[in-house]
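Q: Using the sequences plus the hints, can you model the full thing?
Number of protein chains: 2
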Amino acid sequence: MLNDRFLRACRREAVDCTPVWLMRQAGRYMSEYRAVRERYGFLQMVKTPEVATEVTLQPINAYDVDAAIIFADILPPLEGLGITLTYEKGEGPVIHNPVRTANDVAALREVDPRETVAYTIEAVRLTKQALADRVPLIGFSGAPFTLASYTIEGGGSREYRRTKALMYSEPEVWRELMGKLTSLVSSYLIAQVEAGADAVQIFDSWAGALSPGDFAEYVLPYVQQAIADFRAATGPTAPPVIYFGTDMSGMYSLLHQTGADVLGADWRIYLDNAWEQIGPDIGVQGNLDPNVLFAPWPEVQRRAADILDRAGGRPGHIFNLGHGIMTETPVENVRQLVEFVHEYSATIKANG
Amino acid sequence: MLNDRFLRACRREAVDCTPVWLMRQAGRYMSEYRAVRERYGFLQMVKTPEVATEVTLQPINAYDVDAAIIFADILPPLEGLGITLTYEKGEGPVIHNPVRTANDVAALREVDPRETVAYTIEAVRLTKQALADRVPLIGFSGAPFTLASYTIEGGGSREYRRTKALMYSEPEVWRELMGKLTSLVSSYLIAQVEAGADAVQIFDSWAGALSPGDFAEYVLPYVQQAIADFRAATGPTAPPVIYFGTDMSGMYSLLHQTGADVLGADWRIYLDNAWEQIGPDIGVQGNLDPNVLFAPWPEVQRRAADILDRAGGRPGHIFNLGHGIMTETPVENVRQLVEFVHEYSATIKANG
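The listed protein sequences correspond, in order, to chains A and B. Going by our numbering, the first residue of the first sequence is number 21, and it counts up by one from there. Going by our numbering, the first residue of the second sequence is number 21, and it counts up by one from there.
If you are wondering where the hints come from, they were derived from the structure by calculation, not from laboratory data. Keep in mind that a hint or two might mislead.
Which copy is meant is left open, because identical chains are indistinguishable; a pair holds if it fits in one copy or across any two.
[Said to hold, decoys possible] Only pairs whose alpha carbons sit at most 25 Å apart, straight line, appear in this in silico SDA-like list of lysine to any residue:
(1) Lys369 - Gly233
(2) Lys109 - Gly175
(3) Lys109 - Arg182
(4) Lys369 - Asn293
(5) Lys369 - Arg322
(6) Lys109 - Ser177
(7) Lys109 - Arg145
(8) Lys109 - Glu173
A: Below you can see the structure in the form of structure tokens.
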């Protein structure tokens, strides 16, 4: 690997400067992306390996980021299980046959993601070739809870009322659903590693809707299982696992138990406070508010510097946003941010 | 006061059992409320003191809650400043002339809430009479940030992009707007106390959208100012102030500086962890996930008991939900919850 900063940081090894990539870095804020998007629907982009590869590479060519992340989405892997999914303009994803009963869960098919998500597996393979070891490639999956909540609600949600009602009222059905989704998550991540992914991230974007007690009881065991199964299959040199959620500032101390190598933090907590709770033997990824990239550059710089100061040159920090980069983000701020993270963190490390 | 448990707990004095009330306890989940709502629009209810009084008393008559909270809404006090507000069916509040420029802010009128929110002040007076000291009456206001975010976005928001953009890009305009809203908050709370409110709550429902650094710099000083002005005006026996926000698990240690007597916690953190960060000299209100009330009663009970166990009989705990009670919540669970909090906490206190 020509640039292995990201992988070294995942293993908490010394690095010359802090690696940086941005969640959803291949996205609408880039004119190169919008040009492709004009010709294809979103799902069509995800399902056409050559297009997914092209889009994955766009931020690598535009900025000095230290990792690529495969262009894909967390929901299409559910289709193989029997879920009907569309993306409605302005509304986001819609699941037309939400899963809400024991029968619905029983009807979900067991799948081999090598077949049912063959398009993303192929995109990983093509991207890995095209990258030619310039930077590592990150594969990813939704986490069991976040997949379950979409599957039950039928789309995005603000209150997660049906999800929690099922969890509280029919724990057996919940466990059955979570078990099936956990198998999907681990086998999908394994398939991406077989195709060349150098690390994987598990997105539990909505787990922060839960209380710590409910997270510990109904969600954490499945994250642990998915990561353990992944490690068992990928062996002693298992690629690093990043676990990411938002709104979880009150439960970072629980996240140590996930078994992840790196935990992603959103911006709702100071990075050093998060790290104290998570524990020193795990890396931390984050945690700039994506909204900050709309600010004048000196304000962006001030906040990025604060995060790097709080990381204080400790091994195991990967700079990222606290959530996906937003549409309409000014690209000039993105370019400057990536450069600044490298330069400023190198100074901290030189002085530390 | 016949039942002063709530006020004693606000002052961290000994109580026979833990006081309990529920945010938005006068609301749609009650058939008595829906019967009134059929005859009036929502704003009409807020603006008709006799109706607001009737609705405020409904949960007091139905359950053994230890405090009443005036039926009102955080946004109507903005109308006097020049904001045009409607509530659209299914959409929530819409502000038709959002405030986004220096000129918009300059045009906001200075108001005396005794005049511009006379209907709620009168409702406080009527309710206080009708309660005849059965339980204390809580007045409330939105917090400067939450009012600002509605005012700038023009309604609810998921990303608060315009609010943060203004804050980052035009800090002088931000300060001007927050200053005006801070005056509104303190004078409105003072007017409610003059009319008979025994305590006040400041709702900063959306402050958790911020990073701790941005909260400390752009929001906290105004909360401090509002509370300090309130105390200066209401004198040495100033009624207790509760400050409540959601998604703030990463910044409870900052909230000690608000000057509030009690901090409201949402359900995204264990109550004892929140209290450790907040500090022992401040009370804590919370923190059951409102979704839990849709669970079978034994599951509700188990989670309520866990919260009371974590409070451990310490003085200063007020039991509440972590956010407003949801529509369609089964009233039988509400009734049982209130009873259980009293009975179970009395046992803890007897054994402690």
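Q: So which of the earlier hints does this model not fit?
A: 7
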